[in-house]
Structures are given as structure tokens and as C-alpha cells.
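J.: All chains, please: the whole structure from these sequences, using the hints.
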Amino acid sequence: MSDQAVIVLYSFTRNIIGLVIRPYETYRRIVNHGSRWELVPLSIIIGSYLGIASLVKVAAFRPYILTKQFVVLGIAVVITYGLVVGLLWMVGKIVGGKGEVKILALGWAYTLIPTTFWFLATSLLYMLLPPPRTTHPLGIIFSVLFLLFSSVLFFWKIILSYLTLRFSMRLDLFRISIVFCIVIPIVALYSIWMYRLGIFKIPFV
Amino acid sequence: MKKNNRQAFLNRWKETTDIPVQTVGPFTPYYKEVTKQLKVMPIPVLITVSIIIVGFLIYVFGSSITKVVSLLQRGF
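Protein chains in written order, with my numbering: chain A, 1 to 205; chain B, 206 to 281.
Read the hints as simulated data drawn from the structure, not as lab findings. Be careful, since some hints might not be right.
Heads up, simulated DMTMM-like pairs for lysine to aspartate or glutamate below, C-alpha to C-alpha not over 25 Å straight-line [claimed, not checked]: (1) B:219 <-> A:172; (2) B:241 <-> B:223; (3) B:219 <-> A:3; (4) A:157 <-> B:238; (5) B:244 <-> A:172; (6) A:93 <-> A:172; (7) A:57 <-> A:172; (8) A:98 <-> A:3; (9) A:57 <-> B:238.
T.: Shown next as C-alpha cells:
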């Protein structure tokens, strides 16, 4: 059991480093040899983020409210993940995709790495340098760096999303574009709903 | 040993040819060139593209980008 845990942790760490250095090869490996157990360390990382986000949002050590906030965020993340995987799977199948839903789910889970990293960094920066930003030179420098950081993670996320559909559903660029054109508006509507509920201002996709 | 190498090669070949080759008509060479840059260590390319985009945003919005950042910072 402990050997398996070490192997999973090793594979997960190797995949995370690979997603930065060699995303194409790494996704091929995830799809062909990945294990659903790799979702466990990923869930722990996301759970840690949700804990920090709850603390920052509630801004008080009140166990009941913190637990409630944590549970609400956790449920929202799980529902969003399920919704996106389900939509990608259905639309991908309609446009001629092949493969298994569990492989797609694993591939999409790895795209949550840049998402989690952005949300974690943003919540920590919120504590260290709370908004609003001013037009003071230091405020502008911070804004530029923050936008650069967000933009790099956003494009990284796009690459990983593309590779997920490319390898787990064996789709080509044209079909992947169709899938995104259908799925993105639906997720946008869902995000507006989440925003109105006050759960996520920016969707945890 | 020779058989192992052959098998490893065949496995690798199978993996590589598992998904159809991507072509985009007359743009295929450009597509290949772009994807070649993104397959290995894409971060420098992403930073370059981001610098261009953020530079454009600063040019268009000036110091008002701080408002966008303030909104994003509250987005988690």
C-alpha cells in the first residue's frame, strides 16, 4: 500500500514537472499510463487551496463559518469539474471523439494545476497586497507583473486543455475548436450563475 | 537485448502513431513551427506572448489597468 502511494506520488510529481518542461510528451504519458490514484494528491492540493481561500474570504477564525465556506467551495469545485468533463465528453463524442471518459477526467484534472496555482497565488497576494491597486508607479509595476503572471498561466491552461482533448479523445484541431466553441458559452453561463450565488467571481475551471 | 530494443521501438511507434497527424491545409508548416515551440519548454514563448499582450493593454488602457488587476485580485 505504501509502495503504491510512493509510486503515485512519484508519478504525480514527475507529471507536474513534465507539464512545465515537456507538456506534449507528459500528456501522452498521462493518457497512456496515468492512474486515477493520481487524483488524490491533486485533490489534497486543491483542498489546501480551498482551506486558505476560506480563511481569506471569511477573514475570522470562526470554525462554523469557515467549515461552511470550505464545504460550499469544495462542492462548487467538484460540480464544476464534473460539469466540464461531462460537457467535453458529450460534445467530443458528438464531433467524433474516441476514448474513455475516465482518461478524459484524468487529463482534465491535470489542467486544474495552473488554475489552482493562479487561485492560490491570488488569494495569498490578496493577504499580502490587498486591492485596490493605485496608479502609483509601484502599483502599476505590480499590476503589470500580475497580468503577466495571469496571462502565462492562462495560455498554459489553454495548451493543457488542448492536449487533454487531443490525446484523450483523439480529436484534431478543427474538432477541438468546435468542442470549445460549444462548451465555453455554456461554462460562461454557469459561471455567471456561480457569480450570482457569490461562490466564485472567476470560475474555478 | 535486441528483441527488447525492437519491442521498445514498436511500443514507441505505436504511441506516436496512435493519434492522427494534424494538418491545417496550406497553414500546416506554420502550425508545425508553432507547435514545435510549444511542445518542449513552452514557458519562454508564453512569457513573450504575454509581454506583447500586456504591453498592448498598457498602450490602450494606460494606468487604468490597475482597475482590471484590482478586479482580478478579488476574483478568487
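J.: It remains to establish, for every hint, whether it holds in the given structure.
T.: Hint check results:
no.: 1; hint: B:219 <-> A:172; result: holds, 18 Å
no.: 2; hint: B:241 <-> B:223; result: holds, 19 Å
no.: 3; hint: B:219 <-> A:3; result: violated, 30 Å
no.: 4; hint: A:157 <-> B:238; result: holds, 20 Å
no.: 5; hint: B:244 <-> A:172; result: holds, 16 Å
no.: 6; hint: A:93 <-> A:172; result: holds, 13 Å
no.: 7; hint: A:57 <-> A:172; result: violated, 41 Å
no.: 8; hint: A:98 <-> A:3; result: violated, 33 Å
no.: 9; hint: A:57 <-> B:238; result: violated, 44 Å
The structure shown violates the earlier hints numbered 3, 7, 8, 9.
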